[in-house]
Each structure stands twice: as structure tokens, then as C-alpha cells.
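Protein sequence lines correspond, in order, to chains A and B.
Following full-length UniProt numbering, the numbering of the first sequence begins with 1 at its first residue and continues without gaps.
Following full-length UniProt numbering, the numbering of the second sequence begins with 1 at its first residue and continues without gaps.
Hints are computed from structural coordinates only; laboratory data are not their basis.
For glycine and all other residues, C-beta sits at the position ideal for the given N, C-alpha and C.
Hints may be right or wrong, so weigh each one.
Dumping the calculated EDC-like pairs for lysine to aspartate or glutamate here, alpha-carbon to alpha-carbon at most 20 Å [claimed, not checked]:
1) B:LYS118 / A:ASP122
2) A:LYS213 / A:GLU199
3) B:LYS97 / B:GLU120
4) B:LYS150 / A:ASP49
5) B:LYS150 / A:GLU120
6) A:LYS105 / A:ASP133
7) A:LYS158 / B:GLU38
8) A:LYS150 / B:ASP139
9) A:LYS213 / A:GLU198
10) B:LYS213 / B:GLU96
11) B:LYS158 / A:GLU38
12) A:LYS118 / B:ASP122
13) A:LYS150 / B:GLU141
14) A:LYS118 / A:ASP106
15) B:LYS61 / B:ASP88
16) B:LYS118 / A:GLU120
17) B:LYS105 / B:ASP135
18) A:LYS85 / A:ASP139
19) A:LYS118 / B:GLU141
20) A:LYS118 / A:ASP203
21) A:LYS140 / A:GLU114
If you want the footprint, here are the derived chain A segments under chain B, 3+ residues with CB under 8 Å [as the list claims (entries may be wrong)]:
22) 7-13
23) 25-34
24) 39-53
25) 82-91
26) 127-135
Protein chains: 2
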Amino acid sequence: MNNNAFWNLSYGVYIISVWDGERPTGCTANCAMQITAEPPTIAISINHDNYTNQCIEKTGKFAISILGYNSDPSIIGTFGFKTGKEIDKFASVSFEKLAGMPVVKDACAYIACEVINKMETDTHTVFLGRVFDADILSDKEPITYSYYHKVLKGKSPKNAPTYIADNIKVNSEIDSEASEGYVCSICKYQYSGDIPFEELPEDYKCPICGQPKAVFKKQV
Amino acid sequence: MNNNAFWNLSYGVYIISVWDGERPTGCTANCAMQITAEPPTIAISINHDNYTNQCIEKTGKFAISILGYNSDPSIIGTFGFKTGKEIDKFASVSFEKLAGMPVVKDACAYIACEVINKMETDTHTVFLGRVFDADILSDKEPITYSYYHKVLKGKSPKNAPTYIADNIKVNSEIDSEASEGYVCSICKYQYSGDIPFEELPEDYKCPICGQPKAVFKKQV
């Protein structure tokens with residue numbers, strides 16, 4: 001079995017958001033799909049260990065903010081590589097309350113859902129949500145997961161359905177990983193800018209997860 | 001609620017295939033997503049009225065053939081706008097038997113699954129499949145549903161989760177539908193070639209669903 005085949009499935013990049021009491025929280029996801037057209041329902045897959053999972057269980061609602069090519073990529077890292085149990089992810093990411101749900105301002109569209117069914121697996125819950133509100137927020141093109149992965153060199157966090165352990169190389173990585181480079185130890189983003197990494201200013205931050213220059217490690 | 005927001009979810013284009021006794025059959029789908037990484041599982045959504053649904057129920061297995069930009073677009077139409085109950089869809093589409101499943105030869109990758117769970121909705125079944133085989137078949141780039149929709153001007157069949165009734169216009173269609181043109185009455189493909197439609201040879205066939213020139217209707 002060649003797990004690299006899974007990378008040929010196409011996805012977008014989404015922030016699944018929810019209320020934790022008075023505070024909004026959420027996580028990055030690439031797995032969301034429409035299940036029925038009438039009434040419109042959407043399924044998402046969320047790891048049991050993600051704090052967002054517990055909050056969806058508790059409130060029975062979630063919103064999907066669909067990120068665009070021009071959305072700030074650090075949003076993906078903030079929501080993907082940190083836990084909402086410990087930090088307020090929306091402290092650094094602007095949101096609007098739409099249809100009663102927290103929605104990322106910098107998104108191209110949002111879909112608000114009420115959970116009507118779920119299916120459990122060993123590691124993830126598939127929530128089936130009935131859409132109760134949705135709208136387009138800008139004319140930004142939705143970013144694809146393939147673009148995030150291949151062009152932005154972003155990786156999947158450990159809890160993602162599409163997580164691939166570091167020892168498995170995907171086709172598109174084989175070339176780039178052959179050359180030396182600096183990699184963010186938090187989100188695995190690989191620096192590929194024109195300025196040599198060593199010459200970047202000390203306040204340089206990982207464009208994906210926002211971590212400081214110091215967490216980058218040289219790979220050989 | 002603005003249903004156009006749903007078009008911002010990103011998908012690929014897949015042929016879900018299955019055995020019907022000795023004969024292979026299947027249908028076009030854009031909704032397939034990985035649910036868990038270890039063990040790898042994939043969810044698909046198939047309309048109750050699709051013959052493929054009954055065959056998956058009966059055999060407990062399905063394969064996903066992932067189509068690429070260079071895959072023949074008539075495959076999408078053959079599997080999307082005809083029923084496998086009445087015709088042998090694989091009669092005009094080459095397949096290989098891989099891991100015991102019928103797989104479209106012209107695909108860029110395939111994933112073979114055994115059903116381990118399912119979730120019912122009013123119109124669709126969400127099948128959860130545990131992957132028992134997968135491989136890359138070519139270095140073709142996977143086609144996105146957005147490309148099929150916007151560039152190839154393909155539409156969703158009535159049974160698709162992403163079906164939008166004809167009276168609802170999606171953003172990208174508003175411009176193109178304002179101009180006159182010929183539209184396939186079967187799959188709604190809009191002819192946009194350089195040669196005037198009237199001057200096309202009589203054996204011209206719809207590139208999406210393979211229907212003859214005669215089924216095209218002039219829209220005003």
C-alpha cells in the first residue's frame with residue numbers, strides 16, 4: 001500500500017470554530033465536505049484530542065471559515081499547531097460574530113452548522129452538521145490544501161486525518177528535502193526564501209505557526 | 001443563507017467503483033475525504049438513488065479512482081449522468097483490476113476501501129471505508145472540482161451532494177450565462193469552443209457526457 005496516494009485527494013483549508021463558554025476557539029482542518037444538497041449538510045472530521053471536539057460536543061454547533069489564497073497563512077498555524085485549551089487562539093486572529101458563531105474575518109466564506117449526527121472512529125469524530133447559515137465574505141479564491149502543502153510548505157499537525165509521519169516522504173517533498181535548509185521545529189515549515197536564513201532579522205517569525213526564528217533547526 | 005458559499009469548499013473529482021456481481025460499475029463523486037490517518041480511513045457520500053450505493057451495501061467494498069487534469073473528461077460524464085443499472089459504464093472506460101477492485105486506468109491514483117461504518121441521511125449514505133490498498137498510477141496532477149466546474153463548465157448531476165438547481169446561479173456562472181450559447185441538455189455542459197457550434201461536425205459529442213450534438217440546445 002502506498003500512502004502517498006492519499007495526497008491526491010483534494011481539500012481546502014478551513015478553520016472550524018466553536019464557542020467555549022464566552023470565548024471563541026477552534027482548529028485548522030482540511031477535511032470538510034458537503035453530504036446532502038437539500039437540506040444542506042456538511043461533514044467534518046475532528047480528532048478526539050482536539051479541544052474543538054469537546055466544545056462541539058458541548059454546544060452542538062460549529063462554523064467553518066473557508067480560507068483564501070490571500071488569507072494570512074499564520075492563521076493556519078495559530079489554529080493548527082496550538083491548543084485552544086491553553087491559549088486564546090482568537091486573541092491574535094480577528095473574528096466576527098455571524099449567525100451567532102465566531103467566524104474568521106480574513107476568510108472568503110463561512111458556513112454555520114448545527115450537529116445532527118455523528119460517527120465515531122478510533123481517533124476522530126465525524127460530525128454531520130445541518131447548515132443554518134452561510135455566506136460569501138470576499139471574492140478571494142479558496143486556498144487548496146495542495147497549495148498550502150506544496151507552495152507554502154505547510155505540514156499537517158499530528159491530530160490531522162491527513163497526518164503523515166516524518167519518515168514518510170510525499171512525492172513533492174523528495175526533491176526539496178534533498179537540499180539543506182531550515183525547518184520550523186513546531187510546524188515543519190521549510191524556509192525557502194531568497195535571503196539566507198542566517199541573515200534574516202532576529203524578529204523573523206515562522207509564517208505558518210508564528211513561532212520565533214530560534215525554533216528553526218538546520219536540516220542536513 | 002447564501003448557498004453559493006458551499007462552492008468555496010474544495011474537492012477533487014473521483015470515480016467511485018464497485019463490483020455488481022461479475023460486472024464493474026460506479027459513479028462520479030467529488031466528495032471523498034480522509035477521516036483518520038492510522039489506520040487510514042476515507043469517507044464518501046453516495047446518493048440512495050445511485051446504483052453504486054446498493055452495490056457498496058452488497059459487497060462492502062469500494063475503490064476511489066482519482067482523476068487528473070489530463071484524464072479524459074468524458075469519463076466524468078459517463079459515470080455522472082448515466083445509471084449503471086441500465087448501462088455498462090466500464091464498456092467505454094478502460095479499467096484494471098487492482099487489489100481485486102475495478103480501477104479507472106486513466107486515473108492518477110486509486111484507493112481501495114472496505115466499509116467499516118456508515119451514517120444515513122435523508123438522501124445520501126456516508127460510507128466510512130478502511131483503506132486496504134492504494135497506489136499512485138501516474139504523475140498527473142489531480143483535477144479539482146473547481147476546475148471541472150469553472151473551466152470545463154461541468155455541472156453536478158441531480159444526485160450529487162453539491163447539486164444546485166438550475167435557477168440558482170453560482171458567482172462564476174453569472175458572466176458566462178449572460179452570453180448566448182449551446183448547452184448540453186443532459187449534463188449542462190456549455191460549449192465555448194472557437195468554432196461556431198453550428199459548424200461543428202455532425203459526429204461532435206459532448207466532451208463531458210458523450211451525448212451527440214443533437215441534444216445541445218441553444219440558450220438565449
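Evaluated hints:
no.	hint	verdict
1	B:LYS118 / A:ASP122	holds, 15 Å
2	A:LYS213 / A:GLU199	holds, 11 Å
3	B:LYS97 / B:GLU120	violated, 29 Å
4	B:LYS150 / A:ASP49	violated, 38 Å
5	B:LYS150 / A:GLU120	violated, 35 Å
6	A:LYS105 / A:ASP133	holds, 16 Å
7	A:LYS158 / B:GLU38	holds, 11 Å
8	A:LYS150 / B:ASP139	holds, 15 Å
9	A:LYS213 / A:GLU198	holds, 9 Å
10	B:LYS213 / B:GLU96	violated, 31 Å
11	B:LYS158 / A:GLU38	holds, 11 Å
12	A:LYS118 / B:ASP122	holds, 14 Å
13	A:LYS150 / B:GLU141	holds, 12 Å
14	A:LYS118 / A:ASP106	violated, 29 Å
15	B:LYS61 / B:ASP88	holds, 19 Å
16	B:LYS118 / A:GLU120	holds, 10 Å
17	B:LYS105 / B:ASP135	holds, 12 Å
18	A:LYS85 / A:ASP139	violated, 33 Å
19	A:LYS118 / B:GLU141	violated, 33 Å
20	A:LYS118 / A:ASP203	violated, 44 Å
21	A:LYS140 / A:GLU114	violated, 26 Å
22	7-13	holds (count 5)
23	25-34	holds (count 4)
24	39-53	holds (count 6)
25	82-91	violated (count 0)
26	127-135	holds (count 6)
The structure fails to meet hints 3, 4, 5, 10, 14, 18, 19, 20, 21, 25 from the earlier list, while all remaining hints are met.
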